[in-house]
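**Q** Residue strings, one per chain:
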Amino acid sequence: MIEVDLAQSSVRELNQRLHRIGPGDNEHHWQVVNPNGAHAIAVGLTAPVHIEIRGHVGYYCAGMNAVATVVVDGHVGTGLAENIMSGLVRVRGNAAQSAAASGRGGLVVIEGDASARCGISMKGVTIVVGGSVGHMSAFMGQSGALVVCRDAGHDLGDSIYEADIFVGGKVASLGADCVEKEMTPADLDRVAALLGCAQIAADPERFRHYGSARRLYNFRIDHAAEY
Amino acid sequence: MCGIVGLFFKREIATPALGSLLAGMLSQMRERGPDSTGFALYGDDAPPGAFKVTLHGLGIEYDWASLEGELATAFPLTCRAQPYGSHAVFTIVADPERVFAWISACHPELDVFSFGERIEVFKDVGRPDAVAQRFGLAHRAGTHALGHTRMATESAVTTEHSHPFSTGADLCLVHNGSLSNHNRLRQTLQREGIRFATDNDTEVAAGYLTWRLRQGRSLTEALEAALGDLDGFYTFAVGTRDGFAILRDPIACKPAVLAETDDWVAMATEYRAIAILPGAAGAEVWEPLPATVYSWHRQ
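In the order they appear, the protein sequences are chains A and B. Residue 122 in this note's numbering sits at position 122 of the first sequence; the count goes up by one each step and never skips. In this note's numbering, each residue's number is its place in the second sequence (first place is 1) plus 1000.
Next comes chain B alone, as it looks inside the complex (with noise of 0.2 Å):
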């Protein structure tokens, strides 16, 4: 099971809507995925030189403001914290890679979720509606979003385990399936030297993307080759700062339906959760083949 979910506006500018309307598509997947619901939120971008950093702590009301402080005497912040209860979002001036180390050896308590110039990352255990309220998903704003269901297979039922996973600066996944060579691959790329935080087999399929990213592919070329180094099950929705893409394994056993509109591209596990945007009776509607990159970009 799982569902997942993805929307995309062609637009450049933010769409106030983009959260209100990823958490009714997100509400509509909850019996495929009652364990834990996630969201990647591409909204405004840092400013010039910095990065965004969603950091997860422990418990519902982290000590952000304190956190805030401590980071304030080590790097530049651009702007105030955001907190939403057990997840923070901070914007920096420094090498993001200063910044890991330095979370890592003052506070080895935190999870980072995603870091990038635009992406958030918030998940928890819990059904969608509950996880969407927690982190006020309705009241945000953005360009495009990725959201996931998560029936538990693979691994744990926890914050970490859950989708979507985020390896490299901007780039998410959210996967319906289970890989098999995750393991392996998993020692593979960590000697590439690519960095994980759980056991899960969807983030080694995020890993392996940023590894084939930083060697200068495109997402659709990253995509392509995942075809021959993937083995399982999988449809997935890839996010990045102004693309998104979707791939089925060779088999496409796992469902996935697209619909595209003048106006935005969506991605779901069933169309239910697409018949709840605006225009979506008029869209095209078609079930990705197989094997088959399928990307969108703003230029």
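For reference, chain A alone in the conformation it holds in the complex (with noise of 0.2 Å):
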């Protein structure tokens, strides 16, 4: 295992380091200390590396990650695994606001609780959040899955297209063309799956199914209130 120590080396020499990994490398598990709060730790990976980060990150963690698995052992800034591709991202602590925005692919998973505007614009990306999360989660989803094992703040799903929202507890409010939806014995499936990926434990049978009602695809002058 390769120990890179941010007292002693800045994230742009670390991030080139993962960067330089190329096929046929060896340098496959990697612990990074002492990140004290730094931004933009572990972005854009493309090599099928597994990173323990042993601390608190601040902004933009894990960033554009393709293949690659980061685990961090703390708190999370804004915008975790912002543009996920592919992969694992988890945090053992709770994540700041906007985590897994816009991801495309991949699994992220939130341990502790998440902040406002979880998933927001995800198209494809799968997160699950073991605690709660804020609100605007969800917020213009185009695909993928939200699986949250306690609450929802207000809003949750606001504008949404056709993202996958599971909530084992309860929702403060829902947002414009968000609905809650028939949770079918696949829905169960699928939850319990993602869970058992996401090495969450929670019932299935608790969680809730919610998505787009496809009233705001096309503008209609009746639904303007909604907009």
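No false leads were slipped in.
If you want the footprint, here are the derived chain B segments under chain A, 3+ residues with CB under 8 Å: (1) 1250 to 1257; (2) 1266 to 1275; (3) 1283 to 1295.
If you're looking for bench data, these hints aren't it; they were derived computationally from the structure. Here a beta-carbon is modelled for each residue, glycine too, at the ideal position from N, C-alpha and C.
Combine both chains into one complex, guided by the hints.
**A** Laid out in structure tokens, this is it:
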């Protein structure tokens, strides 16, 4: 295992080392210590590496991640795994706002709470939150799934297109054009599978399903007040 | 942008390292606010019956000794003036209103940056390391402190427009964001007797809290009322003689992070400012909820 101490080297040096990993390289397991809230740690990874970050990190950690596994043993700042393409990003603490924003694929697991706008404009990413999410989560979600084990804040799924939202606790309010949908046996299996992938213990039977009513796809004057 | 920091020790006695820790926190926020830096320190109490006033004079070498002589002929001073270049702290036994009237009549060139039993406010244009050094922040003890690094959007880059703003006894406020209804609200508050020194939006928020506290509201109640009366974007950190509070607007676009240990509570715009504190790695860390007042008080 390779250890990088961010008290000794810069984030830029770390990220450049990670970007240089090519096919056939054997540097698969990395540990980063002393992150001290630094921004943009482990951004833009394209190699199948496993990175453990010991401590709290700043903004945009693991942004644009592809293939790699990034585990943060602490709190993450704004914009975790923004635009994630694939791979796994796991946070053992809480996440600040806009986690997994615009994510196109992969799995983002937040074991604690995620703040406002979790999964904003999600485009295929799967997000599993062990705690609660803040307001405007899954805003304008286009595809993918957001699984929230506890509660969701106001305006959940506002202006959502086609993403699926599953909430195990209470929803403060639904956003424009977001409605509760039937929890089919297939949905139940899907939630169970996602919780399993995320290694989060929760009873799938508790979850309710929310998604788009599809009334805002085209402008209709009858719905002007909804926009 | 702008960076705000706050550090509140839970024990009653002053912590010697408070100033050096706050200087370290401010230094981490330098990129967020290169225009000016300011901080409020809650240190030693003034003697019973007296209050401390932080004055700002033109230039870095204002003749504070001469002013002290003049002040002493008008009011009893309980200890020597504490000069810090362009700022000085005086401890005076008098009704604060009489002192303010004397200052505006005899020395209108002076600004009152704070007054109260415990508060001292220092602020100036420049980056945090330079401003902290200018005022000897690293050597100051205290129970709690707030700081701000400013990237100006609403009003001019001057010492007077820097944060923190203090409009009432021992109360101060730092702000990341911008208010959109401050002009109208300033007029309303002026009619209620609140005085403003600048056209800055944040000063109106500080004045609003002063007004609510004068009505007998608690700090938490005043901040809850602010949610209905202030329009705009804000993350506020507020200090009182014995308390510390945080409030974010309902949309909560402006970042904030809180951390708490058995010994202290810290707030910052970014976690890296908290990372320098002793015990930070083991602290509980979370993003404060929108439209929710967080407050801590010593009894």
